[in-house]
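Engineer: Use the sequences and the hints to build the structure in full.
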Amino acid sequence: MSEWIYFIHPPRPNFAASMTDEEQAAWGRHFERLQQLLADGVLVLAGPTLGQVNTGVAIFEAPDEAAARRIMAEDPAIAGGFAEGELREFRVSLLRGRP
Numbered sequence: 001m002s003e004w005i006y007f008i009h010p011p012r013p014n015f016a017a018s019m020t021d022e023e024q025a026a027w028g029r030h031f032e033r034l035q036q037l038l039a040d041g042v043l044v045l046a047g048p049t050l051g052q053v054n055t056g057v058a059i060f061e062a063p064d065e066a067a068a069r070r071i072m073a074e075d076p077a078i079a080g081g082f083a084e085g086e087l088r089e090f091r092v093s094l095l096r097g098r099p
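When the count follows the UniProt record's numbering, it moves up by one through the sequence shown with no breaks and lands on 99 for the last residue.
Please keep in mind that the hints were generated in silico from the structure rather than gathered at the bench.
Note that the Cβ used here is the ideal one computed from N, Cα and C, for glycine as well.
Label pairs and their calculated CB-CB ranges:
id, residue 1, residue 2, range
1, 91, 21, 38 to 46 Å
2, 39, 81, 21 to 29 Å
3, 91, 66, 12 to 20 Å
4, 28, 73, 17 to 25 Å
Structural biologist: Take a look at the structure:
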């Protein structure tokens with residue numbers, strides 16, 4: 001199983017403070033999906049950067065690039081056009097609690 005990271009780029013600066021009701025609903029579905037991926041053992045970690053640019057980060061496992069792209073593309077924020085995704089292969093080299 002390979003590790004992957006995707007960055008979730010919001011549509012404008014200070015997005016978290018200026019979301020519309022429609023955007024808030026989409027990001028709620030995004031968060032629910034990440035919770036499910038975590039429960040399924042796929043997601044390693046996820047969260048937003050803070051400040052004026054609220055880029056999100058999701059590190060997860062997938063067997064290959066096609067599966068990783070599918071996971072990213074199915075994110076409700078990306079699929080709904082509320083954010084752009086950027087996928088990269090990733091390696092967790094150091095993780096607390098993991099030798």
